[in-house]
Amino acid sequence: MMNCDGAGTAAAWLRVAGVVREHCDELVRLDRAIGDGDHGENLRRGFDAVVDRVTSAEGDTPRAVLRQVAATLISTVGGAAGPLYGTALLRAGNAIGDRPDLDATAVAAALEAALEGVVARGRAEPGDKTMVDALRPAVLAAAAAAERGATIAEVLAEASAAADAGAQATVPLVARKGRASYLGERSAGHLDPGARSTALILASLAGSAAS
Amino acid sequence: MMNCDGAGTAAAWLRVAGVVREHCDELVRLDRAIGDGDHGENLRRGFDAVVDRVTSAEGDTPRAVLRQVAATLISTVGGAAGPLYGTALLRAGNAIGDRPDLDATAVAAALEAALEGVVARGRAEPGDKTMVDALRPAVLAAAAAAERGATIAEVLAEASAAADAGAQATVPLVARKGRASYLGERSAGHLDPGARSTALILASLAGSAAS
Amino acid sequence: MKKIINDPAAVVTEALHGMAAAHPDLRVHTDPAFVVRADAPVRGRVAVISGGGSGHEPLHCGFVGPGMLTAACPGPVFTSPTPDQIQAAVAAADGGAGVLLLVKNYTGDVLNFETAAELIEADGVDVRTVIVDDDVAVRDSLFTAGRRGVAGTLLVEKIVGAAAEAGADLDTCERLARTVVTNVRSMGLALAPCTVPHAGEPSFVLGEDEIEIGIGIHGEPGRERTRLAPARDLVRMLLQPVLDDLEWQPGDRVLLFSNSMGGTPLVELYLAHGSATALLIERGLLVERSLVGPYVTSLEMQGISLTLLRLTDELIEWWDAPVSTPALRWGR
Amino acid sequence: MKKIINDPAAVVTEALHGMAAAHPDLRVHTDPAFVVRADAPVRGRVAVISGGGSGHEPLHCGFVGPGMLTAACPGPVFTSPTPDQIQAAVAAADGGAGVLLLVKNYTGDVLNFETAAELIEADGVDVRTVIVDDDVAVRDSLFTAGRRGVAGTLLVEKIVGAAAEAGADLDTCERLARTVVTNVRSMGLALAPCTVPHAGEPSFVLGEDEIEIGIGIHGEPGRERTRLAPARDLVRMLLQPVLDDLEWQPGDRVLLFSNSMGGTPLVELYLAHGSATALLIERGLLVERSLVGPYVTSLEMQGISLTLLRLTDELIEWWDAPVSTPALRWGR
Ligand SMILES: Nc1ncnc2c1ncn2[C@@H]1O[C@H](COP(=O)(O)OP(=O)(O)O)[C@@H](O)[C@H]1O
Ligand SMILES: Nc1ncnc2c1ncn2[C@@H]1O[C@H](COP(=O)(O)OP(=O)(O)O)[C@@H](O)[C@H]1O
Ligand SMILES: [Mg+2]
Ligand SMILES: [Mg+2]
Ligand SMILES: [Mg+2]
Ligand SMILES: [Mg+2]
Numbered sequence: 008m009m010n011c012d013g014a015g016t017a018a019a020w021l022r023v024a025g026v027v028r029e030h031c032d033e034l035v036r037l038d039r040a041i042g043d044g045d046h047g048e049n050l051r052r053g054f055d056a057v058v059d060r061v062t063s064a065e066g067d068t069p070r071a072v073l074r075q076v077a078a079t080l081i082s083t084v085g086g087a088a089g090p091l092y093g094t095a096l097l098r099a100g101n102a103i104g105d106r107p108d109l110d111a112t113a114v115a116a117a118l119e120a121a122l123e124g125v126v127a128r129g130r131a132e133p134g135d136k137t138m139v140d141a142l143r144p145a146v147l148a149a150a151a152a153a154e155r156g157a158t159i160a161e162v163l164a165e166a167s168a169a170a171d172a173g174a175q176a177t178v179p180l181v182a183r184k185g186r187a188s189y190l191g192e193r194s195a196g197h198l199d200p201g202a203r204s205t206a207l208i209l210a211s212l213a214g215s216a217a218s
Numbered sequence: 008m009m010n011c012d013g014a015g016t017a018a019a020w021l022r023v024a025g026v027v028r029e030h031c032d033e034l035v036r037l038d039r040a041i042g043d044g045d046h047g048e049n050l051r052r053g054f055d056a057v058v059d060r061v062t063s064a065e066g067d068t069p070r071a072v073l074r075q076v077a078a079t080l081i082s083t084v085g086g087a088a089g090p091l092y093g094t095a096l097l098r099a100g101n102a103i104g105d106r107p108d109l110d111a112t113a114v115a116a117a118l119e120a121a122l123e124g125v126v127a128r129g130r131a132e133p134g135d136k137t138m139v140d141a142l143r144p145a146v147l148a149a150a151a152a153a154e155r156g157a158t159i160a161e162v163l164a165e166a167s168a169a170a171d172a173g174a175q176a177t178v179p180l181v182a183r184k185g186r187a188s189y190l191g192e193r194s195a196g197h198l199d200p201g202a203r204s205t206a207l208i209l210a211s212l213a214g215s216a217a218s
Numbered sequence: 003m004k005k006i007i008n009d010p011a012a013v014v015t016e017a018l019h020g021m022a023a024a025h026p027d028l029r030v031h032t033d034p035a036f037v038v039r040a041d042a043p044v045r046g047r048v049a050v051i052s053g054g055g056s057g058h059e060p061l062h063c064g065f066v067g068p069g070m071l072t073a074a075c076p077g078p079v080f081t082s083p084t085p086d087q088i089q090a091a092v093a094a095a096d097g098g099a100g101v102l103l104l105v106k107n108y109t110g111d112v113l114n115f116e117t118a119a120e121l122i123e124a125d126g127v128d129v130r131t132v133i134v135d136d137d138v139a140v141r142d143s144l145f146t147a148g149r150r151g152v153a154g155t156l157l158v159e160k161i162v163g164a165a166a167e168a169g170a171d172l173d174t175c176e177r178l179a180r181t182v183v184t185n186v187r188s189m190g191l192a193l194a195p196c197t198v199p200h201a202g203e204p205s206f207v208l209g210e211d212e213i214e215i216g217i218g219i220h221g222e223p224g225r226e227r228t229r230l231a232p233a234r235d236l237v238r239m240l241l242q243p244v245l246d247d248l249e250w251q252p253g254d255r256v257l258l259f260s261n262s263m264g265g266t267p268l269v270e271l272y273l274a275h276g277s278a279t280a281l282l283i284e285r286g287l288l289v290e291r292s293l294v295g296p297y298v299t300s301l302e303m304q305g306i307s308l309t310l311l312r313l314t315d316e317l318i319e320w321w322d323a324p325v326s327t328p329a330l331r332w333g334r
Numbered sequence: 003m004k005k006i007i008n009d010p011a012a013v014v015t016e017a018l019h020g021m022a023a024a025h026p027d028l029r030v031h032t033d034p035a036f037v038v039r040a041d042a043p044v045r046g047r048v049a050v051i052s053g054g055g056s057g058h059e060p061l062h063c064g065f066v067g068p069g070m071l072t073a074a075c076p077g078p079v080f081t082s083p084t085p086d087q088i089q090a091a092v093a094a095a096d097g098g099a100g101v102l103l104l105v106k107n108y109t110g111d112v113l114n115f116e117t118a119a120e121l122i123e124a125d126g127v128d129v130r131t132v133i134v135d136d137d138v139a140v141r142d143s144l145f146t147a148g149r150r151g152v153a154g155t156l157l158v159e160k161i162v163g164a165a166a167e168a169g170a171d172l173d174t175c176e177r178l179a180r181t182v183v184t185n186v187r188s189m190g191l192a193l194a195p196c197t198v199p200h201a202g203e204p205s206f207v208l209g210e211d212e213i214e215i216g217i218g219i220h221g222e223p224g225r226e227r228t229r230l231a232p233a234r235d236l237v238r239m240l241l242q243p244v245l246d247d248l249e250w251q252p253g254d255r256v257l258l259f260s261n262s263m264g265g266t267p268l269v270e271l272y273l274a275h276g277s278a279t280a281l282l283i284e285r286g287l288l289v290e291r292s293l294v295g296p297y298v299t300s301l302e303m304q305g306i307s308l309t310l311l312r313l314t315d316e317l318i319e320w321w322d323a324p325v326s327t328p329a330l331r332w333g334r
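Residue numbers (our numbering), protein chains in the order written: chain W, 8 to 218; chain L, 8 to 218; chain U, 3 to 334; chain D, 3 to 334.
Honestly, the hints are just simulated from the structure, not real lab data. It is possible that some hints are incorrect.
What the hints assert, rightly or not - Only some residues are given here: those of chain U computed to face chain D with a beta carbon under 8 Å:
1. 6
2. 13
3. 19
4. 24
5. 59
6. 241
7. 268
8. 269
9. 270
10. 272
11. 276
12. 302
As the list claims (entries may be wrong) - To list a few chain U residues with every Cβ distance to chain D over 10 Å, as calculated:
13. 11
14. 17
15. 41
16. 42
17. 121
18. 141
19. 146
20. 206
21. 207
22. 225
23. 250
24. 265
25. 273
26. 284
27. 285
28. 312
Virtual Cβ for every residue (Gly too), placed ideally from N, Cα, C.
The following block holds chain W by itself, in its conformation from the complex (with noise of 0.2 Å):
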């Protein structure tokens, strides 16, 4: 089980900076295919910077740490993912508290925060074809697994399985949100990209949870 303070929130988003990387000429297709095709681009600037500056001195909380990553990605990613997923954090951060360690709870807590961030800033439905169509799932899963005393690595597991089970159930939607929007119907039949970059990033965290 990894380490569940700064130290170990750390090392948790560095290895999503590689899962990005590994993962960025697909995002970049999927988002050539419905939208400008820069997502895989966009994410990896963010999360290069992310490894770049993110650092976590003895007795960072969790929260200190997220802080550093929103503000990395809201100052690096651009387009429509970075003040989203920077919201997302921040909100994710807050939700924590000032607690040198996280629990089960704590992070079921910091993914619902993190999806009101969300739509605080994209105002996206459910169904709309988004990241929220990855996130709420997964939110809703935590949420089950926290209260029925799962572990982290079990919330986290759970969250990213109903994360990519959202993300592919993206495929026959409509988009109404951001620029697959502007395909109308033509939008219909392919995985939204922000949703697929949300399923990698829990299935990373949930890896480094496990491991």
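Got chain W sorted already, so can you dock chains L, U and D with the ligands onto it with the hints?
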């Protein structure tokens, strides 16, 4: 045998217009290989105007007709070919003077004057891979034929054959004048479009004379 | 992909170096990236700031200068700039009379400018945001991202920039911007796509004689794919939806802006402009001002957009007012 | 071939209608075709007139106006204008102080302008001709057509036009034109060809990563075909022959003109301009003036040319002088 008065001259040039139209694409193709691909269009535009504008009133001399054709070409062809063919026809007209009918000697003299006009404007030497390489052998052949007493039809037939051979002989040459010269060695291996159009025009005139 | 670049990731920064070399009357920053007129901040004048993804040049950086934008923030190619760029531009441009942010309506731009505006406001600056959404190709609705901001943005920037230069206050500038947005409509088409440097492949593919009608300025697909047609028909396909979208009256005075998406030769653009002018006159509109050129582009995309702005005396006055930027320059 | 046209044969005429609609301060004629500033003839001023094939827009018609050309004659696409156009332009532009014809060195242009000049002179007008041949890609020789006239033509037109506007006499204008021609050199490259409307097919074909170095402005092939390289290497391939051709001294003041052949995005052009500026500074030259844009184009050809002009105080004065044309505008 065609009529060699003004009306016959006009008829012969209208027939040239048809030949130019027919070979427009070929000339474009030749010019695209070593020039800018417009030689066929330039001549077609000019000879379409000849069809529109050139008329021979009762009693017009061949010279008067040639002046009309020349002025029309100068004001409509553009490119290198416009002033060259225009000057050639102006000089050819001047060379035959105001006689009402042409004979073989006059035709040979007209061709010679045409060559002088082209050289005066374009300053090309034989072997520079230009229309001069078709026109010069034509002039020599016509002079020889006229000297031994050939008919107009024979003079033009020999001029036409010589022009055609001269044009074909431009293939291996490296251009030293006109746009093709920018290609340097790369101009070798291609037929010069202006030499080809000169040969086509002479073939058409020879055809008119024979029919 | 054939491009005159060194490294796809460095395109915007290196292009900014070129802008700096070419235009001594601009101050060009690369980290964070923004361009500001050399004499900024201008005391007592509203700062008019815009920005967006790169690849639409001369929009926006080429419109920085007296009589137009105070500053502009270029994002990566076709990707919105980030809040820190916008904050830095505001810090350099703010002359104490408030800041007007002009934002093309794309989710990315809107969210990043919104985030920036919150931070700037927290610093005590009076900041307003006007969203430009002139593209009639996209049907507007509360439940979607709404219409895109395209070529009409230039007209907003010029008109508001002129008023700010002349000393109009923030309320006036904001009202003017909204007036232009209310009265401007655009629509574009593409004959051939563009290739984003870091993507390396064309953003869409069109058949030998296919065109895309209602294209956005990022290579987003449009309303429909159809066959290439004569220029006069293409012009009608663009103008008809524009004319249908606003209640135009015969006798209305208009500005017609014929814009190249980048790769369309000027000779074709002028031809389209002539055709569009004739059609508008036929419909009883008075074309009182014209603008023709590659001003709001999508890299090397071949295509055009047509923009119509309903004019009033006030808008004409600000349109005609002097402007001195790299890409738009007239008067005085 | 995908073009926004109606009929290949009518392209130039229809584009001129668009120019007329867009630019009320020009008088546009279509038969014969020429464009003249609305206030011509300007009494007592030398008329500066140029022209050439269309497809290079904004050259030449876009440079008609106070401080630059008095009139311009557009030929069909990539084909020189005819003498009757030139005569008509002279008749409309001649203010009694003589006429200067600025001609790009192509056989067709030279022969048509020469024919026109003979006819104009026969009418008693004092007419001079200056041939521009700035393209170092072509080796000059008495036995060839000589170097081509390319982007440097714009600089000649601007500088001589400014002097004529200020009242310089015909001798002075002619001398100034020759001074610019002596001190200006250019070289270009293409990444992708263009298609002439009436030809319907690209003027040459390049492989996936081939480029053509030393291209002319009509799609004529250049010096050599080579592989695409990073921008900084491309810039060196263009500037080295330019630097080799004239005796440049460290400390020479120069104008650097980075020109797009039409289809190259401005972001790439600025990037190249930055790179070229850096290289020149490295060689000890002082880049005192810059011009960046698609000014001397070959339809939608992708590529750039770089032009270097050695400056003197006199040339700087005329370069900086006010100009007010559709495509180039600054000052007063
Ligand atoms: N209003 C919104 N709410 C939530 N997510 C959104 C919204 N708009 C876009 N997205 C997400 O952002 C993703 C695109 O991100 P990205 O490509 O980085 O930005 P851009 O669309 O600006 O190029 C979409 O796939 C979608 O999941
Ligand atoms: N200086 C010259 N003297 C004689 N003929 C020439 C000269 N320059 C070019 N030509 C002829 O003109 C032809 C090209 O004509 P055209 O394509 O109509 O003009 P342009 O080269 O201006 O496009 C060449 O093939 C050549 O035969
Ligand atoms: Mg995207
Ligand atoms: Mg030719
Ligand atoms: Mg984007
Ligand atoms: Mg030609």
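Earlier hints that do not hold, by number: 6, 14, 24, 25
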